[in-house]
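As a plain string of letters, each chain reads:
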Amino acid sequence: MSEGKSRLLIVASRGTADGLYPALILATTAVSQGKEAYIYFTFGGMKLLTKQMAETIKPSVDLGLSKEELEQLLAKGGMPSLVDMLKMAKESGVKIYACSPTMNLFGLKQDDLVDVVDEVIGASAFLQMASDPKTLAIFI
Amino acid sequence: MSEGKSRLLIVASRGTADGLYPALILATTAVSQGKEAYIYFTFGGMKLLTKQMAETIKPSVDLGLSKEELEQLLAKGGMPSLVDMLKMAKESGVKIYACSPTMNLFGLKQDDLVDVVDEVIGASAFLQMASDPKTLAIFI
Amino acid sequence: MSEGKSRLLIVASRGTADGLYPALILATTAVSQGKEAYIYFTFGGMKLLTKQMAETIKPSVDLGLSKEELEQLLAKGGMPSLVDMLKMAKESGVKIYACSPTMNLFGLKQDDLVDVVDEVIGASAFLQMASDPKTLAIFI
Numbered sequence: 585m586s587e588g589k590s591r592l593l594i595v596a597s598r599g600t601a602d603g604l605y606p607a608l609i610l611a612t613t614a615v616s617q618g619k620e621a622y623i624y625f626t627f628g629g630m631k632l633l634t635k636q637m638a639e640t641i642k643p644s645v646d647l648g649l650s651k652e653e654l655e656q657l658l659a660k661g662g663m664p665s666l667v668d669m670l671k672m673a674k675e676s677g678v679k680i681y682a683c684s685p686t687m688n689l690f691g692l693k694q695d696d697l698v699d700v701v702d703e704v705i706g707a708s709a710f711l712q713m714a715s716d717p718k719t720l721a722i723f724i
Numbered sequence: 585m586s587e588g589k590s591r592l593l594i595v596a597s598r599g600t601a602d603g604l605y606p607a608l609i610l611a612t613t614a615v616s617q618g619k620e621a622y623i624y625f626t627f628g629g630m631k632l633l634t635k636q637m638a639e640t641i642k643p644s645v646d647l648g649l650s651k652e653e654l655e656q657l658l659a660k661g662g663m664p665s666l667v668d669m670l671k672m673a674k675e676s677g678v679k680i681y682a683c684s685p686t687m688n689l690f691g692l693k694q695d696d697l698v699d700v701v702d703e704v705i706g707a708s709a710f711l712q713m714a715s716d717p718k719t720l721a722i723f724i
Numbered sequence: 585m586s587e588g589k590s591r592l593l594i595v596a597s598r599g600t601a602d603g604l605y606p607a608l609i610l611a612t613t614a615v616s617q618g619k620e621a622y623i624y625f626t627f628g629g630m631k632l633l634t635k636q637m638a639e640t641i642k643p644s645v646d647l648g649l650s651k652e653e654l655e656q657l658l659a660k661g662g663m664p665s666l667v668d669m670l671k672m673a674k675e676s677g678v679k680i681y682a683c684s685p686t687m688n689l690f691g692l693k694q695d696d697l698v699d700v701v702d703e704v705i706g707a708s709a710f711l712q713m714a715s716d717p718k719t720l721a722i723f724i
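Protein chains in written order, with this note's numbering: chain A, 585 to 724; chain B, 585 to 724; chain C, 585 to 724.
These are calculated hints, taken from the structure and not from any lab test.
These numbers come from a predicted model, not from an experiment.
Hints may contain errors.
List time: in silico EDC-like cross-link candidates among lysine to aspartate or glutamate, alpha-carbon distance up to 20 Å [unchecked claim]:
(1) B:LYS718 / B:GLU620
(2) A:LYS674 / A:GLU703
(3) A:LYS718 / B:ASP716
(4) A:LYS674 / A:ASP695
(5) A:LYS718 / C:ASP716
(6) C:LYS693 / C:GLU703
(7) A:LYS671 / A:ASP699
(8) B:LYS718 / C:ASP716
(9) C:LYS671 / C:ASP702
(10) C:LYS718 / A:ASP716
(11) B:LYS619 / C:ASP716
(12) C:LYS671 / C:GLU655
(13) A:LYS679 / A:ASP699
(14) A:LYS651 / A:ASP668
(15) A:LYS642 / A:ASP696
(16) B:LYS718 / A:ASP716
(17) C:LYS679 / C:ASP699
(18) C:LYS679 / C:ASP668
(19) B:LYS674 / B:GLU703
(20) A:LYS619 / B:ASP716
(21) B:LYS679 / B:ASP699
(22) A:LYS642 / C:GLU653
(23) B:LYS679 / B:ASP716
(24) B:LYS635 / B:ASP668
(25) B:LYS671 / B:ASP699
(26) C:LYS619 / A:ASP716
(27) C:LYS635 / C:GLU655
(28) C:LYS674 / C:GLU703
(29) B:LYS679 / B:ASP695
(30) C:LYS718 / B:ASP716
Stretch by stretch, here's where chain C covers chain A in the computed footprint (C-beta under 8 Å, at least three residues) [said to hold, decoys possible]:
(31) 603 to 617
(32) 684 to 696
(33) 710 to 717
Where a beta carbon is used, it is the ideal one built from N, C-alpha and C, also for glycine.
Using the sequences and the accompanying hints, generate a full structural model.
The following block contains the structure:
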């Protein structure tokens, strides 16, 4: 019997609300199903891990909503803010990875990041994880 | 002999022309190859399933084209409009799924959606489908 | 022993710097790991293969950077420009595929493209490649 893939590896490459929200929903759902879940923040997505995060999540271009409007929708639905959702994902067991080439590109140091980051890895380690047959890798 | 993956699961998460067009092309191609094909509309992509769809498909940020320009290009090439392409995909056998958490977030009811939707599912059911070894899951 | 997936197929569907940069990084890394690597340029991404490429790479909406700012960051980090990176990827063994339906849609001919293109293929050939169990297919 095939049990399918038991590890979820999400690549969050966009620094926008609509890059982060689905990544968090999927990763926490995967953990609740007994899978391992990782979110790999890279390129534009790396912004979401900086200490200025709450300020730098940009209005989503696709939703036609500002960050404020999205946060209001989330609040109205009894859901936490994006910043809190990230912390809760981490507490539930989701692993948070940051991309070392992107950190170099933007001159970011570990100190510039919020303290949810589990590991800083490069493209090579990422590809190795993503190529594992038990891993479902998705770019968001 | 390995036959590869026999089910295509496309996640349309962007509410723009350049999110919808490749999803429809790939899904109808998959059906013509004898595969099962599903498009899961979520987050920004959910807008594409609302009754206002024809009005709300936003100009694509990546193509530098307005929706009108894209529709003109499609017409010039003898191709149907995006709204008609969606209906034709559905008729050809592509299954259309809508995302329940997104519907809650935006306060959408089944009545607000165009009548192509086959099923409304959540993140958990989506992940189960996507993790199946016979499924090729792609986020667009 | 499972060796995982030995072929990387990246779909570059966005005509922006932040669509191209991660595609190039991942593809060249895959080649350096002994994998086959392909970048399939489609839809908005096809613009990146036109001779006007250096001019048409649009400011990334997600990074909040103009193309000039990104090129400056790359130069400061001792990295090549995006146009040079594409040539270097090609020289290192990355295969460059262009999308025939997109070429039709935009009225592009082979002559309009930079000379890095290895093959022009359609949705059907793409899906066949992507469905292979040894292939890791990612949309960027």
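Evaluation of the provided hints:
| no. | hint | in the structure |
| --- | --- | --- |
| 1 | B:LYS718 / B:GLU620 | 10 Å, holds |
| 2 | A:LYS674 / A:GLU703 | 13 Å, holds |
| 3 | A:LYS718 / B:ASP716 | 10 Å, holds |
| 4 | A:LYS674 / A:ASP695 | 18 Å, holds |
| 5 | A:LYS718 / C:ASP716 | 15 Å, holds |
| 6 | C:LYS693 / C:GLU703 | 13 Å, holds |
| 7 | A:LYS671 / A:ASP699 | 9 Å, holds |
| 8 | B:LYS718 / C:ASP716 | 10 Å, holds |
| 9 | C:LYS671 / C:ASP702 | 12 Å, holds |
| 10 | C:LYS718 / A:ASP716 | 10 Å, holds |
| 11 | B:LYS619 / C:ASP716 | 13 Å, holds |
| 12 | C:LYS671 / C:GLU655 | 16 Å, holds |
| 13 | A:LYS679 / A:ASP699 | 12 Å, holds |
| 14 | A:LYS651 / A:ASP668 | 14 Å, holds |
| 15 | A:LYS642 / A:ASP696 | 18 Å, holds |
| 16 | B:LYS718 / A:ASP716 | 15 Å, holds |
| 17 | C:LYS679 / C:ASP699 | 12 Å, holds |
| 18 | C:LYS679 / C:ASP668 | 15 Å, holds |
| 19 | B:LYS674 / B:GLU703 | 13 Å, holds |
| 20 | A:LYS619 / B:ASP716 | 13 Å, holds |
| 21 | B:LYS679 / B:ASP699 | 12 Å, holds |
| 22 | A:LYS642 / C:GLU653 | 18 Å, holds |
| 23 | B:LYS679 / B:ASP716 | 17 Å, holds |
| 24 | B:LYS635 / B:ASP668 | 13 Å, holds |
| 25 | B:LYS671 / B:ASP699 | 9 Å, holds |
| 26 | C:LYS619 / A:ASP716 | 13 Å, holds |
| 27 | C:LYS635 / C:GLU655 | 18 Å, holds |
| 28 | C:LYS674 / C:GLU703 | 13 Å, holds |
| 29 | B:LYS679 / B:ASP695 | 18 Å, holds |
| 30 | C:LYS718 / B:ASP716 | 15 Å, holds |
| 31 | 603 to 617 | violated (count 1) |
| 32 | 684 to 696 | holds (count 4) |
| 33 | 710 to 717 | holds (count 7) |
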